[in-house]
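Number of protein chains: 4
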Amino acid sequence: MDSKTFNVLRTHHVEYRVTDLDRAQAFYVDAVGFTVTERGADGLYLRGLEDRTHHNLILRQASEPGVAHVGFRVSSENDLDVLGQYFGTLGVDVHWETGVERALGRVLRAQDPFGFPIEFFYQVDQVPWLLQRFDLYRGAEVMRLDHVNYISPHVEEAAHWYQDHLGFQMSEYTVSVENGKDRIWGAWLHRKQTSHDLAISNGKGPRFHHASFIASSKDQILAVADRLAALGYVDNIERGPGRHGTTNAFFLYLRDPDGNRIELFTGDYLLADPDWEPIRWDLEDPQRQTFWGAPAPKRWFDESMVTFDWNENPMPTTNPILPDRPIMVD
Amino acid sequence: MDSKTFNVLRTHHVEYRVTDLDRAQAFYVDAVGFTVTERGADGLYLRGLEDRTHHNLILRQASEPGVAHVGFRVSSENDLDVLGQYFGTLGVDVHWETGVERALGRVLRAQDPFGFPIEFFYQVDQVPWLLQRFDLYRGAEVMRLDHVNYISPHVEEAAHWYQDHLGFQMSEYTVSVENGKDRIWGAWLHRKQTSHDLAISNGKGPRFHHASFIASSKDQILAVADRLAALGYVDNIERGPGRHGTTNAFFLYLRDPDGNRIELFTGDYLLADPDWEPIRWDLEDPQRQTFWGAPAPKRWFDESMVTFDWNENPMPTTNPILPDRPIMVD
Amino acid sequence: MDSKTFNVLRTHHVEYRVTDLDRAQAFYVDAVGFTVTERGADGLYLRGLEDRTHHNLILRQASEPGVAHVGFRVSSENDLDVLGQYFGTLGVDVHWETGVERALGRVLRAQDPFGFPIEFFYQVDQVPWLLQRFDLYRGAEVMRLDHVNYISPHVEEAAHWYQDHLGFQMSEYTVSVENGKDRIWGAWLHRKQTSHDLAISNGKGPRFHHASFIASSKDQILAVADRLAALGYVDNIERGPGRHGTTNAFFLYLRDPDGNRIELFTGDYLLADPDWEPIRWDLEDPQRQTFWGAPAPKRWFDESMVTFDWNENPMPTTNPILPDRPIMVD
Amino acid sequence: MDSKTFNVLRTHHVEYRVTDLDRAQAFYVDAVGFTVTERGADGLYLRGLEDRTHHNLILRQASEPGVAHVGFRVSSENDLDVLGQYFGTLGVDVHWETGVERALGRVLRAQDPFGFPIEFFYQVDQVPWLLQRFDLYRGAEVMRLDHVNYISPHVEEAAHWYQDHLGFQMSEYTVSVENGKDRIWGAWLHRKQTSHDLAISNGKGPRFHHASFIASSKDQILAVADRLAALGYVDNIERGPGRHGTTNAFFLYLRDPDGNRIELFTGDYLLADPDWEPIRWDLEDPQRQTFWGAPAPKRWFDESMVTFDWNENPMPTTNPILPDRPIMVD
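Residue numbers (our numbering), protein chains in the order written: chain A, 153 to 482; chain B, 153 to 482; chain C, 153 to 482; chain D, 153 to 482.
Hints in this document: simulated from the structure, not taken from any laboratory.
No experiment lies behind these values; they were computed from the predicted model shown.
Hints are supplied without guarantee of correctness; some may be wrong.
Said to hold, decoys possible - Cβ pair distances, simulated, as ranges:
#: 1; chain 1: D; residue 1: L288; chain 2: B; residue 2: I473; range: 51 to 61 Å
#: 2; chain 1: D; residue 1: L242; chain 2: A; residue 2: S228; range: 42 to 52 Å
#: 3; chain 1: C; residue 1: H312; chain 2: A; residue 2: D437; range: 45 to 55 Å
#: 4; chain 1: C; residue 1: N471; chain 2: B; residue 2: S227; range: 39 to 49 Å
#: 5; chain 1: D; residue 1: E190; chain 2: B; residue 2: W428; range: 43 to 53 Å
#: 6; chain 1: A; residue 1: D434; chain 2: C; residue 2: R258; range: 54 to 64 Å
#: 7; chain 1: B; residue 1: D454; chain 2: D; residue 2: W281; range: 46 to 56 Å
Claimed, not checked - Which chain D residues face chain C? A few, computed with CB under 7 Å, are given here:
#: 8; residue: D378
#: 9; residue: A382
#: 10; residue: V386
The beta carbon of each residue, even a glycine, is placed where N, CA and C say it ideally should be.
Start from the sequences and build out the full structure, keeping to the hints where you can.
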């Protein structure tokens, strides 16, 4: 398979399930700083200040929280057809939709072999660019989606699959050393020229750890922590602000009122050269997780988002073989 | 006169004259980030996020713009009486008011010998502290009044008067060297423990150059420039962002829709020791004005605010003997 | 006693005991960003970029770590004599020194009734101001000493003593509510016009929790965390960056290579009015400690610095009656 | 020509001519914050903290200042051969070099039809990544090269040439409206996924306006202005800090001790989608140049760097037909 015959541009959006749209809007829009593109009975379509396409986050009204799907944009309508055929040769079931998701054209939907509901499309409505509408900047000043983070008991296989079949490249990875041999415990994969579009971490899955959105600066990540605390969202601040060793991310992790998790993120690097040598981290290196050394809180490691299939059933999960978190002593 | 028998705490507020209250509110509150304490037919009473007293800026409805008065807070009601008597011995006319200015108790009003309308009071209404109401932070995140800047043809005398009679101390000064002798061209005077409560610059006066308010950080000074530009206030951005040599201020100068001037300011230092040796700057040192070297725009030097007496008449002005601005070549 | 007959200006410096001067210099100067004024066989005299006096931190060569004394500056030589006599009337033992501590004139030394070694002086050598020597800014860009934090089983009594006898004012306090009655668990006291010069917390003591130094900005507090981590000091980063509810401090706590603790601090407020109503916090309010909710690590609460008397003997300690830390669940 | 048969990755480096290497190193490395990879008799090879290849700026010892060449990296050795042949079909003279420029493999050198000396290569030595060596961060914390800015009397043609033949895409452009018709006055072109690799502005040329390097943040751009001023480089600060309307760049322009110009830049956006509609700016819109309204200093517009051919002769220049700068009134 030549990955050049289609081109996955980037992770474009994610759909979260929320049980109360008003409550979700108060959190994501008024407090955190997302921009509303559109709201309907079915849900909220949000975007960032830097986005020129319709949405990077859909909050859909549902009976239970969790993640509904991840959307990837490709380079053209023709790419979609090529990709649909290619999935056929791989034995991946696909179905096509049009008009189900607002603002998109034809959509190719599938579940990857590891159980994650993914969709691909080219056509999407353009919306006004708000980059210089500084009067609308608020909270973390959410700019755009950066990546999503899957949890899977099959990290190594999943990372290979996205590289071999969808043309992702590995920027960094974490290993659990077993009998002197590196086993991939976490993988950072990208299509656009940043450190990641997709991260995959070891754990009981398929589950979803978080979607990560670019905040305008470290200052705004600090500012949104202050803002959330002032608004009574102190329990929604789960971890950070801090810096990851991996990808150099300056981060803040939040739980929305339904328990869904997002990361606010800045401090990434550009990755434009094809001969990038992936950076290796040892699972037991405490600076991998937090460059400044503080351990992550237990719930950040132990809790994850339920992943639903396209029929809105929660995916059954499997336990991992590798340790599901590093050994830590507070 | 022992200045310890009364204690001027600090420059507490300033009153500006504006011709359109709604327009002024849109600028100062919605764009720049002041907090409204109260609005009446007579005007707007604004404060900063750090303030615990009722107002640091009054915008009073008037037929012409300009400055109406500067308010200084003293330590006690008794201080007011002592000060009133002391002004009598100096031949300064005073009058007492109660109930004219919202939120204040007894007010002692005067004009200093150089023509500036000043008032003193102790009692002032306390208001909720918003320092940790980060959800209300906006624009420059105006924290508090820092200082006012007079323009006078008698800088040296005025600086001595505030030091000799009101207990101000000099933190920094600018000299014009004439025949090898320092002539004071600008003076930075303080009562509270920062670099200034009152600056006096050489020029045709009595006029008023600006009132200066503390912004929460350099970042927020950059952010408010972006915000003002996005809101169509680009012509209201007069100078900066930049850093003054004098007082190390990181600054942005704005003109309100009536042409009144404010400075947004951060980066000051603490000055708590009594043996502070004032810092001397030469008028011809370009880094005095802008530490990074860029000259101030002409209108910043040439335009100033009309100062009104207590009867609302503009004060007549006198030309200075010293050069009214440094010689500059772009 | 009229506190106006002498004037304690501010907490001026602290002396820490370190077992290896070179190792301490690498940490405090090269990594954290203190400025060396002078180094002798006896120790290092450090200051901040904003300081105009000789030192704000002495690191003295000693066999064991801990705190040796806290130095307060007064307004004049006469103040020292008045204070010495006043301590006599209080039954506090004093002794006078000259020439023992570099750069100081006459020094009045005592232990307060709670066991803390304190000294007072007026005369101190002036040193070059580095505020605009931006080429020397490094690490946290340490500007000046802000405050020291004692640990005592007698917080309420100690807070009263510093207020009644040395003219401190209370800016904020924490209470443990016992049978519906507020018991002072922590006190923030100041002389200079910021939230504190001296904090006192409940616990086994006399012990010393930390000295706190002003960093130039939140950004530099983040930057020094990165710098320390890059230099291998990851275990020296104890807590933060974060924001305290009390005093609104944006903080980072560090342990030096001997285990002595410092805080890097920014985000304080100005407190220039005499009628400040102290802010009350409840010990059980999680936002008191960390405004963003994350609990402090156990060692931050449980470990403190040994306090030595003027004969270099460790002070015996007493257990507190109030709970020594809030009940927390991770 | 199918641009997919070779792939220009990005603008990789620029070579400046300097007359005094020590003086240049003091400026670029000690003051501004570039990293030295290597220094030889011929010159200095510098890079940024984020770079993994050998150099992004060469400072070559020469008798007169100016720009010597711009280097573009391509995707493979094969791309070089394809590109060499393609230039042949276009009538562009090329020559191959190996071993002339340190750290590069085979180099394809040419002058574009507008006179700019350009080179292409794939192979380049990898060097240690310093992204998390925060102890080495200094000055503007230069991360990587962003773009170069040509001056040409043939902007429209040059922009077409880079798009048609080298696969560049236009992100933004400025027009001079003549008789109701848009004439391209400035063009922002990119290969990597940011707003530009190459900008071309109207003026007497071929000349070179600047190379632009990414600083780590707005704060560090302010910090380097302070640092430069403190080190005596105040005349080297030419323009800013400020924000451009075009590309949203937060900028600072510097002149090196030889008069060569660099921009320090942050605040860019990601541009990963193929259907990007270029943003149009009118030459007479003052916010195009400075979003906050302040005009650029005259020398920023009027002075440019001499461009040398591969034989080290200055290129002859031609005057533009369009106005060479917007009409401005201070």
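Each hint tested on the structure:
The given range of 51 to 61 Å is respected by L288(D) and I473(B), whose C-beta atoms sit roughly 54 Å from each other. Evaluation of the 42 to 52 Å hint for L242(D) and S228(A) yields a failure: the beta carbon distance comes to about 28 Å. Range check, H312(C) to D437(A): Cβ separation about 50 Å, and the 45 to 55 Å hint holds. Taking the beta carbon of each, N471(C) and S227(B) are about 42 Å apart, inside 39 to 49 Å as hinted.
Under the hint 43 to 53 Å, the C-beta atoms of E190(D) and W428(B), about 49 Å apart, fit the expected range. Checked against the hint of 54 to 64 Å, the pair D434(A) and R258(C) passes, with Cβ atoms roughly 58 Å apart. The given range of 46 to 56 Å is respected by D454(B) and W281(D), whose C-beta atoms sit roughly 52 Å from each other. Because the beta carbon of D378(D) sits about 4 Å from the nearest beta carbon in chain C, less than 7 Å, this interface hint is met.
The interface hint given for A382(D) holds, since its Cβ lies 4 Å from the closest Cβ of chain C, which is under the 7 Å cut-off. Taking 7 Å as the C-beta cut-off, the interface hint given for V386(D) is violated, the closest approach to chain C being about 12 Å.
Checked against the numbered hints above, the structure violates hints 2 and 10; every other hint is satisfied.
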